[in-house]
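S.K.: Now for the letters of each chain:
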Amino acid sequence: MEMIVVAPPAPGRIEDLRRRFFATPLQSLLSLISLAIMVFIAWKLLNWAIFSAVFTTSGGPEACQAAAGACWSVIAARWRIILFGLYPFEEQWRSALACVTVVVMTTLSCMPAFWTGRRIALVWGTGAALYYVLMKGGVLGLLYVGEEAWGGLALTLFIFVTTCLIGFPLAICLALLRRSELPWISRTTGLIIDAVRSLPLISILFTFAVVLPFALPQWLQGDKLYRVILGSALFFSAYQAEIVRGGMQGVPKGQEEAAMALGMSYWQRIGRILLPQAMRNALPATINQFVVAFKETSLVVIVGFFEILASGNAAYGTGDWRFAYVEVYVFIALIYFVFVFSLSRYGAFLERRMSVGER
Amino acid sequence: MLVSLLRNQRVRNTLLQVLYVGSLAALVLACAMIARQNLAQQGITSGFDFLFKSTGWDVSFSLLPAAPTDPYWWYFLIGVINTLFLGTVGLILATIVGTIVGLARTSSNELAQLLGRTYVDIFRNIPLILQVFFWYAVITHLPTPRAAHQGFGMLLTSRGLYVPIPNVGGTALAAAAIAVIAAIALPVWLGRTSRLGQPIGERFGIQLAGSAAALACAGVILAVGRLPDLPLLDFPALQGLNLKGGLRIPPEFSALAVAIAIYGGSYIAEIVRGGFKAVGKGQMEAALSLGLSPWRVFTLVRLPLALRAMLPILANQYVWLMKATTMGIAVGFSDFFMIVALTINHSGQTLEAIGILMAGFLAINLSLAAVFNRINKAIALKGNHLRE
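Note that the protein sequences, when read in sequence, are chains A and B. Heads up, my numbering is the position in the first sequence plus 49, with the first residue counted as 1. Heads up, my numbering is the position in the second sequence plus 514, with the first residue counted as 1.
Hints may contain errors.
[Unchecked claim] Pulled from the structure, derived: some chain A residues nowhere near chain B, Cβ distances all over 10 Å:
#1 A98
#2 A178
#3 A244
#4 S252
#5 F263
#6 P266
#7 G295
#8 M313
#9 W316
#10 P333
#11 I351
#12 F372
#13 S393
[Said to hold, decoys possible] Under 7 Å between C-beta atoms, here's a sample of chain A residues computed to sit facing chain B:
#14 P74
#15 Q76
#16 L78
#17 S80
#18 L231
#19 W233
#20 I234
#21 S247
#22 L248
#23 W268
#24 L348
#25 Y374
#26 Y378
#27 Y385
The set of hints was computed from the structure by calculation and includes no laboratory data. Just so we're clear, the structure is a prediction, and the values are computed from it rather than from any experiment. Glycine included, C-beta positions come from ideal geometry on N, C-alpha and C.
Using the sequences and the accompanying hints, generate a full structural model.
M.R.: Next up, the structure:
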């Protein structure tokens, strides 16, 4: 028997456009308004950022201020202070290399090949150690540079990495304690987690930076930087613990019961059965939490650190570039955007990939 | 004897719990005692007596009258009210922005979708504090009062935004504000309540009448409460080097409100989009096939269902927004946290101030959560219904 296939006539290009954007009067109006907004913003933005912008430092701030568009010369003149803060000028290649280390480390840990507990710990451990040696120096013939001179993007990345490095294991501990069968352990841990979660991060950073020195014996106080990192890690772990716990709740109860029936010990059950499955469930939310943590590193500016935001304020705040604040903030926003956007896109990709696996 | 006791599961469990809770409590206690000792060395006595001493410093922004002679507890109250005020303004603005962008993202128009997605992608991925700094820099770099931008009776200057205010007594103004809110809320209630005879969806006249009545009330209140011998509206105007009249919205407040509205709006847009996505397509098709107009489908089917899906997530977002007001310290807006930080600087009552801070935020968060739980329960679908 012969099959008769009747394909609808392929719409022409104009017909297709009409259907997609001008199907009804309301649709047409909406399309036109959207188009007008887009064209207007795009034109203004391009004109400001490229066509009437000044890119070279040759004219100095005066020529720049006279121009109608953006003054990118401020970036050309001050990019070092934005990226590296007060780090010694001759040693800034180390700071740059340290930033690259962090980027490589993050990229590596995004690859599924590194998703075993041991490998990920190895990557982050070596990465953090490499970063620390590069930044601090004092060994291998590198000049010693104390933490107080760290700044800019390098400091932002350092705070992010150490926050995750301390916060993540802590989060798993908290999550395990919270689901403990012993009522008082789970209740107390729950209280700690909820208390930390109900406080704003700034207040925790402030407490750790300013108040904690009163409450600790002299030998335990340490550098302000590490106290603040500890506070930020605590905050991160309180949120991450709830994500991990959510992931654990998604693991069927039978899994653990089966492991118990096989005679596995507590740590075997946790390490081999529960955590691998829980982490898989919790992965999208975890990536999201990393994104949030990266954005929140910017808050340390309030307790007086010279991270990228503060160095940006300094880059335009002093001297002749006082008028060029928009350019500096746009530059910093772009840096944040590149990091955060690529991480969150990666998270979205993972989510799609995993939902394919479960179908 | 001891070994066999340790082998006993119940004894071991009790011991473990006592150890865990005990060591944590000991840690906190030790820290508190060291802190007390250190503070005592600096001549600071612990206790809450300082609450009744006068502060000796000024606040940058206050809705209530404030002077350096006021006691600390009054300043804490000012801080909480400032936080709640900024939070509420930011929350309302962010919800408006988020609803518009979220609706654009769920619309069937691809251009509007693109516009919404671009907005969310840009503003969600830039830290809030950077946006606060940016807007603060923009506002403080505006022209001086002499060369102010003008429009609609408002003045935009580096010292803040000056808006006209009615020359009306404080109580009358508050009463009028309540009447205006009623004018907005009344039609919504009239549209939903079952106490009216008319069927739902055919009450446009009643709704309009209710709203108009409330607005008329507001008008009467304003007319009665206005200050004698002055024009109804007080416009800001340049006098010499200064601006006189009108209401000044300081740059700190507007920068924070704008930043929270834009940043929070991008998050709320995603929540709105998620809520609308959660409404089953079949429900919309069923409503359309019943012959409801697209507007009715939206207001009677899509919106109520989407709202139910959104509300729990939205509540979390609002709690987050309230906490985001602590960014105020970055630009010098005297929110609750900044008052606490200044208290610690000036009085040295560290532990007490931190305790007050924690209690304050706990109270704010819990009451917000309670309000949303009530709303959630009130609008939840009742009776047996099939889901999925």
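S.K.: Could you check the structure against the hints above and give me the numbers of any it violates, in ascending order?
M.R.: 3, 4, 5, 6, 11, 12, 13, 14, 16 and 23
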